[in-house]
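Student: Just so you know, the sequences run in chain order Z, R, P and D. Numbering-wise, full-length UniProt numbering puts 15 at position 15 of the first sequence, and it's gapless, one number per residue. Numbering-wise, full-length UniProt numbering puts 97 at position 97 of the second sequence, and it's gapless, one number per residue. Numbering-wise, full-length UniProt numbering puts 14 at position 14 of the third sequence, and it's gapless, one number per residue. Numbering-wise, full-length UniProt numbering puts 20 at position 20 of the fourth sequence, and it's gapless, one number per residue.
Treat the hints with care, as some may be off.
[Stated by the list, open to error] Residues from chain P shown here face chain D by an in silico Cβ test under 7 Å; the list is partial: (1) Arg66; (2) His69; (3) Ile99.
The set of hints was computed from the structure by calculation and includes no laboratory data. In this text the structure is predicted, and so the values were computed from the model without any measurement. Ideal placement from N, C-alpha and C gives every residue a C-beta, glycine not left out.
Spelled out, the chains give:
There are 4 protein chains.
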Amino acid sequence: MYKAQGEKHWFIPDGYIPETSSGSLPSHESICVLNTSSEEALLRITIFFEDRDPMTDILVVIPARRTKHVRTSSLGKNGVPIPIGVPYAIELQSDIPVIVQYSRLDSTQAENALMSTLGYPIK
Amino acid sequence: MYKAQGEKHWFIPDGYIPETSSGSLPSHESICVLNTSSEEALLRITIFFEDRDPMTDILVVIPARRTKHVRTSSLGKNGVPIPIGVPYAIELQSDIPVIVQYSRLDSTQAENALMSTLGYPIK
Amino acid sequence: MYKAQGEKHWFIPDGYIPETSSGSLPSHESICVLNTSSEEALLRITIFFEDRDPMTDILVVIPARRTKHVRTSSLGKNGVPIPIGVPYAIELQSDIPVIVQYSRLDSTQAENALMSTLGYPIK
Amino acid sequence: MYKAQGEKHWFIPDGYIPETSSGSLPSHESICVLNTSSEEALLRITIFFEDRDPMTDILVVIPARRTKHVRTSSLGKNGVPIPIGVPYAIELQSDIPVIVQYSRLDSTQAENALMSTLGYPIK
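With the rest of the complex left out, here is chain Z (with noise of 0.2 Å):
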């Protein structure tokens, strides 16, 4: 038996899906997770707005001993995606402890642009 290991309960302020992309990498975001234990990991993932309320209890399962780089454009609720090329905000809440890190590549332009950072856990 392999324990968890991290937070249950973590934030990434800076969400943005970017409109377009070029070259040879689409556009996209990672919610990058990682569940080290030997049982399957529960997420429940709320989006933020700045001018309209959130979309709540879009659920995600990390199988056990497993990563998954979740890309936000494949993220809705009842059918709608994450809008994109609007800002929001990421709440993650798992039934066990987690590690959270988030990554942006844009292709706006020709060339990529990368940014990543750890989520902010709650302990």
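Could you slot chains R, P and D onto chain Z? The hints should help.
Tutor: Frame of chain Z; chains R, P and D shown alone:
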């Protein structure tokens, strides 16, 4: 009622508003703040410089259950904005806990460069 | 005698070795480890994937009072390297405290993109 | 009297001064330090390498209520600068608490790449 999450006091030592832009996106910095609570958050921002006294008491409101990606070029005091092309540092105090991330898009040259980090919280 | 500083257990959820390079610098990732102590540090690295079991017990030595910027493309097990173009995550355990930062240079397109973050320490 | 904020001891494992520059901005790294207090801060910096003994006791002063974005290319000992094109790591000790962030601009190729992270504080 939703609970405030994070900390009331944050720092970002590396602030810099690029002087020039090219291509389709303007150079800019964002202080990305998330307020998870049911009450609005009142931020009090201080800007530190290398060669002059700080700019103090810049006020920003983050509505309840909202994020705000604050452009630093929109911040100022008595009609005087943060100067561009000058290294500075940011102190952020909030009346309720919030979570803070800082990101910069530099389009000084034709293609973009991105950087991001969480703020440093005082606990 | 110099003291070991940092933590013995670190995580980096967003690992990825880019498939292609162009220009004068090859795409690469580095796990940057600092060992401040007068004793050498023995690292035991585990690589987690999205779709297969982890690669375990990859060993790296960091000499006393030295840093080592470990290229992930140099890591492997039984002659099998970490696969390129595949999302993965990194667990790093050390017999003495060290400090860990992760950086990636992506030169998939003609110009470079950089990202960096501290590892996530378990205290 | 303003209070010192942050920590007295910080690490940055991934230091590197790029060998070449192109375009309008030179490649450089900055150690961005914020001193919120009414007293000046005296920093003592140690540089660790992969293959040689550390450079020790590099001194930098941060004035009261000021930030300083220290170019690493300006640091050295007995007239010897930090070598360029060589991986290294940074230890920073201050006589009073400060906050530390590290950023790198790489203009090896025609367009810029940026990375940034907070330092790792010892509490």
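Student: Which constraints among the numbered hints does this structure fail? Numbers only, ascending.
Tutor: none
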